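Heads up: the protein sequence lines correspond to chains A and B, in order.
Residues in the first sequence are numbered from 1 upward in steps of one, following the working numbering.
Residues in the second sequence are numbered from 1 upward in steps of one, following the working numbering.
Because the hints were derived from the structure by calculation, they are not lab data.
Note that this is a predicted model, so its numbers are computed, not measured.
For every residue, glycine included, the Cβ atom is placed at its ideal position computed from N, Cα and C.
Each hint can be trusted.
Pairs of lysine-lysine, DSS-like flavour, derived with a Cα cap of 30 Å: (1) A:K446 with A:K417; (2) A:K442 with A:K468; (3) B:K5 with A:K468; (4) B:K200 with B:K182; (5) B:K200 with A:K139; (6) B:K268 with A:K182; (7) A:K268 with B:K200; (8) B:K182 with A:K182; (9) B:K182 with A:K268; (10) B:K42 with A:K139; (11) B:K442 with B:K468; (12) A:K42 with B:K139.
Calculated Cβ distances over 10 Å to all of chain B for the following chain A residues: (13) S172; (14) N217; (15) Q465.
Number of protein chains: 2
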Amino acid sequence: MPEPKTFHMTPDEFRRHGRAVVDWIADYYERIESFPVLSQVKPGEIRASLPPRPPDVGEPFDSVLADLENLILPGITHWQSPNFFAYFPANASGPAILGDLLSSGLGVQGMLWSTSPACTELETHVLDWLVEMLGLPQKFLSSTEGGGVIQDTASSAVLCALLAARERAIHSAPTQEKWNGKLVVYTSAQAHSSIEKAVKIAGMGSENLRLIEVDENFAMRPEALLRQIEADRQAGLTPCFACATVGTTSSNAMDPIREIGCICRENKIWLHVDAAMSGTAALCPEFRWIQDGVEFADSYCFNPHKWMFTNFDCSCFYVADRAALVRTLSILPEYLRNQATDSGAVIDYRDWHIPLGRRFRSLKLWFVIRHYGIEGLQFHIRRHVELTQQFAHWVKEDRRFELAAPAPLNLVCFRHKSGDEANQQIMDRLNRNGDLYLTHTKLNGKLTLRFCVGQTNTEARHVAQAWKRIQEEAESLQS
Amino acid sequence: MPEPKTFHMTPDEFRRHGRAVVDWIADYYERIESFPVLSQVKPGEIRASLPPRPPDVGEPFDSVLADLENLILPGITHWQSPNFFAYFPANASGPAILGDLLSSGLGVQGMLWSTSPACTELETHVLDWLVEMLGLPQKFLSSTEGGGVIQDTASSAVLCALLAARERAIHSAPTQEKWNGKLVVYTSAQAHSSIEKAVKIAGMGSENLRLIEVDENFAMRPEALLRQIEADRQAGLTPCFACATVGTTSSNAMDPIREIGCICRENKIWLHVDAAMSGTAALCPEFRWIQDGVEFADSYCFNPHKWMFTNFDCSCFYVADRAALVRTLSILPEYLRNQATDSGAVIDYRDWHIPLGRRFRSLKLWFVIRHYGIEGLQFHIRRHVELTQQFAHWVKEDRRFELAAPAPLNLVCFRHKSGDEANQQIMDRLNRNGDLYLTHTKLNGKLTLRFCVGQTNTEARHVAQAWKRIQEEAESLQS
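Just chain A, same shape as in the assembly:
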């Protein structure tokens, strides 16, 4: 008698299809340079190729995989191409992908220690490792009153930091009147949009966000911050939270954390340091100057899913005082109560972020650190910085171009001297052509091209070829 139909994929089928998928991914990386980096489809084109109705009965796995190849791939912008120089990297690597696969396979929930102790403890452990690896202050270690947690993104991390700061401000106010809903938030005019988003989400009012002016290098002016704080105090407002950036998204500007930190400490302002992409550079001692003064920070965040070969999502968030964070986000209904939580001996990470459920994300980070070792990670960060500096050098040497900002690490902001239209044309042509992908920003009101090196497999030849192509487009501009 035949087995009754179960519809499930059996373990043996999983082995077979799993191998096919692993091979597909390996093949993908081997042929990735053959695709245009930026997808060339038009809005609606991918949807139009998909059947309008969901399938009534199941389909063979092979047809699904074939459709991925034929229908989905044309709509992919290849973030893992070594010719991807746009936005920021979101780099992946073999060990990360396989660690993440194990997380999917185990399918555990890490909302409480007790719902999978290893999920919580490995996360705490690896985040402690990173404190040492990056030279961060000891107060971020889990053995202190602080500690680290993996968030999905730096946007969520800054929101949590802001909520904890709000909690601390309200909690420490002698009377309700003292703050009266008028908490003020400070960041630079070049900071990431996620800070404004967080202020809006937290209901603190966009009108209470101060975008502090920047200097000629696009870094926050501490004296302008101080002036604004004093003005706000005089206006009866309560300065509450500041976000300093280690490597702004637009131009990789480095806010002077030490000076900002001193001002924040004197004014009892929560200092959050957002080092989303550039924080990874601190793996190398010679780049640790970027975080000089980080000991003043109440919270800190960097994203291994940007530049540390760990596929999205994996943003590491540290606080010096976990109590403020947990007080804001903790709600303990009966159905989540358990002995371990009641004992107070464990961390329940659900109280450290917005969602309740959580994935076993530390696995992929653990796999990456163990695969590369500190040595391997440092090697590639140094290599990316070196390639970027080479590119910056070429730009400087070419009379048609100019650097638009300092290039301290792995991002070059530059422009053709002929103005916005020329730069737009160079960018559009390169991106339409598909050999490489780069994006833009505006600095001092001028359209500026951004060239960011950080994809896992980017090598000297890719950067050299990119510069050659940029030069060619500059040529054809003149013709």
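The hints should help you fit chain B onto chain A, whose structure is shown.
The following block gives chain B in isolation, referenced to the frame of chain A:
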């Protein structure tokens, strides 16, 4: 000459290690019933087995995989065991795991349409499919003013719904004074803790959250809701947002959405329907009564990562009016501007949720729907409900036990009649023993056992064995 050392995992190494990981997962599912479902480790035990310092040099992949087996596995609570009946399911399946693996491999960012058009369009497409599959109102289709998006969890979804409601309330207020920060939020006393968490995050004040009383079946009393709304209006407050639950976490109670919806509509209150686990049941027409009245909802959420064989995270969130949501969450800095966004012809999902970056999560959902087809999904949902009803029947037939609440779908709340201590003892013994895992809640102040069926591979024999074990513990209680 030897190749210079790159530290990266080559495509060929990825093939080899990838196969090992796929086999490890297949083996894991084949032997999963041999593990105690609830991890038996003590706090700190897993960490103590890990090296205190990160590795200076890289390690072979095989040792990492061996450590997963030897050091991590003992700290795993096996959510994918067919003997897992705790909390709620967070079920996974072969096609989901492989779809997710492809998402890791492609490593694209879906924050904007242009950063990978297929990532946005497949998501929109599959979420439209689900509107049809679940019999949801047409206003949630992307072809209308509404549409769907994948969030990480129902907690984030309800936060987004609340923010959109707050935006609409402020936006539509003729004067600032009209609402004056005094927006009121309604949900039942049995609703999920995420609603209170959202209210706190949004800075709307826990004191403005009303937990409406429930009836004898733990469902919200509409007349009590109406009374409270009127009292709040008379007190000069502005009713803003209500969350009705299709299947509460505690006892699977079904709030009467139609009656609540009528009240909300008359009072211009945003109605969010949280169907996190139970929503999946609507795949079967005979269970659609649970969402009767959902056409009154302004937003709706259910989690394929609970009961629809799609591994975490995957929470589907729909709004009837996307403008309110996007207005709240949209901030467009220069470095994210692009032609497609400016044209208005595309969806940029970054404006539909808290984070900026986003993973290609629709791939796994697409794989699941195509692998099972509507037929296969319905088959398993029906089977889970049938097994649960069998269990409820056994409870009713046993004089020592009683049902503590109606069991409409896949959750049975029951208790031993001897009181809290007996129930605690039964639960602790079962969980310590490891044959199965179940958790508790409190209903009418009494400790109540929860038995939730929904893991992918749970079959009749697992449920029968669980009931046998529960009976045995009840026996030993009496001896």
